[in-house]
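Enquirer: The residues making up each chain are set out below.
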Amino acid sequence: QSALTQPASVSGSPGQSITISCTGTSSDVGAYNLVFWYQQNPPGKAPKLVIYEVTKRPSGVSNRFSGSKSGNTAFLTISGLQADDEADYFCSSHAGSRTFVVFGGGTKLTVL
Amino acid sequence: QVQLQESGPGLVKPSETLSLTCTVSGYSMTSGYYWGWIRQPPGKGLEWIGNIFHSGTTYYNPSLKSRVTISVDTSNNQFSLKLSSVTATDTAVYYCARGGHFYGDSPSFWGQGTLVTVTS
Chain S
-16 QSALTQPASV SGSPGQSITI SCTGTSSDVG AYNLVFWYQQ NPPGKAPKLV IYEVTKRPSG
44 VSNRFSGSKS GNTAFLTISG LQADDEADYF CSSHAGSRTF VVFGGGTKLT VL
Chain F
230 QVQLQESGPG LVKPSETLSL TCTVSGYSMT SGYYWGWIRQ PPGKGLEWIG NIFHSGTTYY
290 NPSLKSRVTI SVDTSNNQFS LKLSSVTATD TAVYYCARGG HFYGDSPSFW GQGTLVTVTS
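Sequence lines, in order, name chains S and F. Here this note's numbering is used: position 90 in the first sequence is 73, and no number is missing along the way. Just remember that this note's numbering sits 229 ahead of the position in the second sequence, which is counted from 1.
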């Protein structure tokens, strides 16, 4: 059981937008602006950081990826879906000085 | 560009100690950042194991703390993971990664990962 809750799967057609949620608590997602999002494709390959600190995009990541947060839930939005966006997406968050870092269970994005 | 590479045995017997090393290139660990380990059991999600600063300060996942030791060797720009008393549930791909400037930051750059299987 992962600390952060993500939908198991989402899907969308090329060109559409999708949003993946990441629900935590007031002790992690809700308490800190330290939510990170990763893309992993294929499973077992090193995850790639696509969003850090809720809304920031690392250099080289497409501006089609954006992040936001409302209360205890963070969101990753991918606009203008492309075939190579198909991957597993994981969120993570700082969770305080006892638990430190927690991850979500991952969401499989299928591009139809 | 920083690069990280995990190394160590791919098979470990139950009750023994899993030992992995991460070699960092393209960046001196003493220049800053936290360095850590994350694992992913086959077909499952990610689990943060812990991280370390070049000074040796460590932070561990409370659920693994009694079995985990992370250490640093700045002279060789490496850090290591030891996980004792392993069982089949410790079978996973183990990743080393660079974190941020804050101990609670999630990983930014990741190694390719190495599969460790616990089996007799």
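Hints in this document: simulated from the structure, not taken from any laboratory. The C-beta atom is built at its ideal place from N, Cα and C for all residues, glycine as well. Just so you know, not all the hints are guaranteed correct.
Okay, the calculated beta carbon distance ranges per label pair [to be verified]:
| # | chain 1 | residue 1 | chain 2 | residue 2 | range |
| --- | --- | --- | --- | --- | --- |
| 1 | S | S45 | F | K311 | 35 to 41 Å |
| 2 | S | S80 | F | Q234 | 26 to 32 Å |
| 3 | S | P(-10) | F | Q234 | 43 to 49 Å |
| 4 | S | G79 | F | D302 | 38 to 44 Å |
| 5 | F | S244 | S | T8 | 21 to 27 Å |
| 6 | F | S248 | S | A(-9) | 32 to 38 Å |
| 7 | F | P270 | S | S51 | 26 to 32 Å |
| 8 | F | T316 | S | G27 | 17 to 23 Å |
Dumping the calculated EDC-like pairs for lysine to aspartate or glutamate here, alpha-carbon to alpha-carbon at most 20 Å [stated by the list, open to error]:
| # | chain 1 | residue 1 | chain 2 | residue 2 |
| --- | --- | --- | --- | --- |
| 9 | S | K91 | S | E69 |
| 10 | F | K273 | S | E69 |
| 11 | F | K294 | F | E245 |
| 12 | S | K28 | F | D302 |
| 13 | S | K31 | F | E276 |
Enquirer: Now look at each hint and say whether the structure bears it out.
Expert: Consistency of the hints with the structure:
1. S:S45 <-> F:K311: 35 to 41 Å: Because 39 Å falls inside the window, the suggested range holds.
2. S:S80 <-> F:Q234: 26 to 32 Å: The hinted range 26 to 32 Å holds for S80 of chain S and Q234 of chain F, with Cβ atoms some 31 Å apart.
3. S:P(-10) <-> F:Q234: 43 to 49 Å: 34 Å, violated
4. S:G79 <-> F:D302: 38 to 44 Å: 29 Å, violated
5. F:S244 <-> S:T8: 21 to 27 Å: About 35 Å separates the Cβ atoms of S244 of chain F and T8 of chain S, which means 21 to 27 Å is violated.
6. F:S248 <-> S:A(-9): 32 to 38 Å: For S248 of chain F and A(-9) of chain S the Cβ distance comes to about 34 Å; the hint holds.
7. F:P270 <-> S:S51: 26 to 32 Å: The hint (26 to 32 Å, Cβ to Cβ) holds, given that P270 of chain F and S51 of chain S are roughly 30 Å apart.
8. F:T316 <-> S:G27: 17 to 23 Å: The hinted range 17 to 23 Å holds for T316 of chain F and G27 of chain S, with Cβ atoms some 21 Å apart.
9. S:K91 <-> S:E69: Holds. K91 of chain S to E69 of chain S sits at ~8 Å (cutoff 20 Å).
10. F:K273 <-> S:E69: 17 Å, holds
11. F:K294 <-> F:E245: The hint holds at about 16 Å.
12. S:K28 <-> F:D302: Given pair K28 of chain S, D302 of chain F is violated - Cα atoms ~26 Å apart, limit 20 Å.
13. S:K31 <-> F:E276: Measuring from Cα to Cα gives roughly 16 Å; hence the hint holds.
Violated hints, listed in ascending order, are 3, 4, 5, 12; each of the other numbered hints is respected by the structure.
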